[in-house]
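Enquirer: Position chain B against the provided structure of chain A, taking the given hints into account.
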Amino acid sequence: MTGVPAARSALAAAQAIAAGELRSSALVQRCRDAVHEHDRELHSFVRLDPAAMDRADACDREAARSVLHGVPVAVKDNICTAGLETSCASRMLEGYVPPSDATVVRRLRAAGLVLLGKTNLDELAMGSSTEHSAAGPTRNPWDLRLTPGGSSGGSAAAVAAGLVPLALGSDTGGSVRQPAAFCGVVGLKPTYGCLSRSGLVAFASSLDQIGLLTRTVADATALLGLLAGADEHDATCGCPAGWTAAGSAGPGGIDCRGLRVAVPRQVWSLIESSCEGPLKRALELLRGLGCVINEVELPLLEAAVPAYVVLAAAEASTNLARFDGLRYGQRVEVAGRLADTVRASRGQGFGAEVRRRILLGTFVLAAGFRQAYYDRARAAQRQLARAIGRILATHQVIATPTTPGPAFPLGSRLHDPVAMYRSDVLTVTANLAGLPAVSVPMGLTRPVQGDGSGETRDINGRGALPLGLQLMAGAWQEQTLLGLAAAYEQARGPMPAPVGAVA
Amino acid sequence: MRLDGALVRHLADLAGLPVGDSELDGLVAEMQRLVSWVDLLPAEPRDVASGARPGEDPEPAAAMSLGKDEPHACLDRELVRQMAPSFDDGFVVVPCVLPEPEPEPEAPGPGGGAGA
Numbered sequence: 001m002t003g004v005p006a007a008r009s010a011l012a013a014a015q016a017i018a019a020g021e022l023r024s025s026a027l028v029q030r031c032r033d034a035v036h037e038h039d040r041e042l043h044s045f046v047r048l049d050p051a052a053m054d055r056a057d058a059c060d061r062e063a064a065r066s067v068l069h070g071v072p073v074a075v076k077d078n079i080c081t082a083g084l085e086t087s088c089a090s091r092m093l094e095g096y097v098p099p100s101d102a103t104v105v106r107r108l109r110a111a112g113l114v115l116l117g118k119t120n121l122d123e124l125a126m127g128s129s130t131e132h133s134a135a136g137p138t139r140n141p142w143d144l145r146l147t148p149g150g151s152s153g154g155s156a157a158a159v160a161a162g163l164v165p166l167a168l169g170s171d172t173g174g175s176v177r178q179p180a181a182f183c184g185v186v187g188l189k190p191t192y193g194c195l196s197r198s199g200l201v202a203f204a205s206s207l208d209q210i211g212l213l214t215r216t217v218a219d220a221t222a223l224l225g226l227l228a229g230a231d232e233h234d235a236t237c238g239c240p241a242g243w244t245a246a247g248s249a250g251p252g253g254i255d256c257r258g259l260r261v262a263v264p265r266q267v268w269s270l271i272e273s274s275c276e277g278p279l280k281r282a283l284e285l286l287r288g289l290g291c292v293i294n295e296v297e298l299p300l301l302e303a304a305v306p307a308y309v310v311l312a313a314a315e316a317s318t319n320l321a322r323f324d325g326l327r328y329g330q331r332v333e334v335a336g337r338l339a340d341t342v343r344a345s346r347g348q349g350f351g352a353e354v355r356r357r358i359l360l361g362t363f364v365l366a367a368g369f370r371q372a373y374y375d376r377a378r379a380a381q382r383q384l385a386r387a388i389g390r391i392l393a394t395h396q397v398i399a400t401p402t403t404p405g406p407a408f409p410l411g412s413r414l415h416d417p418v419a420m421y422r423s424d425v426l427t428v429t430a431n432l433a434g435l436p437a438v439s440v441p442m443g444l445t446r447p448v449q450g451d452g453s454g455e456t457r458d459i460n461g462r463g464a465l466p467l468g469l470q471l472m473a474g475a476w477q478e479q480t481l482l483g484l485a486a487a488y489e490q491a492r493g494p495m496p497a498p499v500g501a502v503a
Numbered sequence: 504m505r506l507d508g509a510l511v512r513h514l515a516d517l518a519g520l521p522v523g524d525s526e527l528d529g530l531v532a533e534m535q536r537l538v539s540w541v542d543l544l545p546a547e548p549r550d551v552a553s554g555a556r557p558g559e560d561p562e563p564a565a566a567m568s569l570g571k572d573e574p575h576a577c578l579d580r581e582l583v584r585q586m587a588p589s590f591d592d593g594f595v596v597v598p599c600v601l602p603e604p605e606p607e608p609e610a611p612g613p614g615g616g617a618g619a
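Protein chains in written order, with the numbering used here: chain A, 1 to 503; chain B, 504 to 619.
Please keep in mind that the hints were generated in silico from the structure rather than gathered at the bench. A couple of the hints might just be wrong.
Said to hold, decoys possible - Computed footprint of chain B on chain A, listed as stretches where at least three residues anywhere in the stretch have a Cβ under 8 Å from a Cβ of chain B: (1) 56-64; (2) 341-349.
Unchecked claim - Each pair of labels, with its calculated beta carbon distance range: (3) B:D516 to A:G252: 35 to 41 Å; (4) B:A546 to A:A367: 33 to 39 Å; (5) B:D579 to A:D416: 54 to 60 Å; (6) A:R47 to B:V583: 50 to 56 Å; (7) A:R65 to B:A576: 25 to 31 Å; (8) A:R260 to B:L578: 42 to 48 Å; (9) B:D579 to A:R47: 24 to 30 Å; (10) A:D416 to B:D507: 20 to 26 Å; (11) A:R30 to B:V583: 35 to 41 Å; (12) B:V583 to A:E302: 32 to 38 Å; (13) B:A576 to A:D33: 42 to 48 Å; (14) B:V583 to A:R40: 24 to 30 Å.
Stated by the list, open to error - Covered by chain A, per the in silico footprint, the following chain B stretches (three or more residues, Cβ under 8 Å): (15) 517-529; (16) 537-544; (17) 573-587.
No experiment lies behind these values; they were computed from the predicted model shown. Beta carbons: idealized from backbone N, C-alpha and C, even for Gly.
Isolated chain A, as found in the complex:
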């Protein structure tokens, strides 16, 4: 990929539009051109919205409706968009055109943002590499031989490559934060219930949460402020009275002096050696901001992924029962019994990873096995949530790397589901406990060439890969979480962009 380095944040673009220095239509056209030019090899988008230019023109004619007015945004293809196909990267839903927008999309439009297109994902959001897609895999803009992570890999890759400044994803076990870390962008999973799930095609309803992918923490904060809030179409959605995404702090974040940050001791044995140096430097930066860093015990951390896999599979097997070719989804007509039509439709409609999870979910819920697996996983979930609650009773934030290591090669874990699932070991805890967490770029796997200080601030990160710092806070503590993330981001300094990213 060749082009110009990415620089402009969504807020900066919106300010330029508001000041008359940039037209929304020009920005949207530039993004569309960049997709046409660069996305052939990246494959982060599955389709562009043909109405985008008309909407951008309309934005140029009207008064600003929000702080992000006129800015293009990409939406993961498991979030419904009226009149624009939403296939969830599944043959089962190929050609499905929703009659109405998801609540978050409706709010995006109401705030004057322009839907640029839909991004690739692991089929029905089940995966950690964006390889399990009926549309084919997405590649990592830092190195096209690597995965961008998943399942929101298309959204993360598109933002990292500079094809679009903002994107929505969904996060059931880390599907926003893990690709954000692998691609060197910001990924936010808000508190469960903060963003409406109405119009999000369900995977595991008790864990699913729509999340945001952006270039800066300030962009994520601004976008969250536009999308959060109660929705009559999602009974689990609603923020406490007085809740706001952003406090009075400026873009540089909050005053971190005295903020207590916990680091689970177990983390050090779970991460790869390439992650240790960047994590130590990140903790030093936090200490330099005035945070008090404490090592704590987080028992059962290693049980988090098996618990997550059991619970998510159980919910997926029930949620996906509706895709039978009769009520929803592609139908494969088979002469004979109705059950044969259902089996043929589901057999041809679902890919291998989805079938695997449905089968596992059916197993853990089956009579005779439920107590041994599902109930045990629920118990582990409660234990873990309790342990996190105890830590957060004395600390404002828990800090870990987002992932045990950097992005892995395409195909390397495709046939080893356990290895694939394990890559979510540090992200699933926030979903199991329903807590907000953000991944902020924390540097590269090794110092870039010519940087004798060991810092990772230089442009040109060829050969080195991004890593993410995950910050997790108590329920509805987004203000503290994002304030600390912004302060860290400023202290860290500019992150290199992948070579060839476009503005």
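Expert: Coordinates of chain B only, in the frame set by chain A:
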């Protein structure tokens, strides 16, 4: 927990998924690996600090914001109409799933041979 072909085939039947004879052995091995890994879950997890058993623990601490316990209007009728593939006289029209029933045979007349 040991899985075998019969159990995996039964699970696939429950899940409405086809399993061909040629893929059964591979699927059993794959499921066996997954289930063995999931078996790493603590047998009877106890709270490290308090020693409490799972049943004694409350729900996860992430307090959801609870809505008021009052009825809400159901989905907007116009939205339902738009979402339905076909809408007729106030009803959503769905595709015919089951074949039309065979017409009942006419009742035999008096003295007719029922066993014919």
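Enquirer: Going through the numbered hints above, which ones does this structure break? Give me the numbers in ascending order.
Expert: 1, 3, 4, 5, 6, 12 and 14
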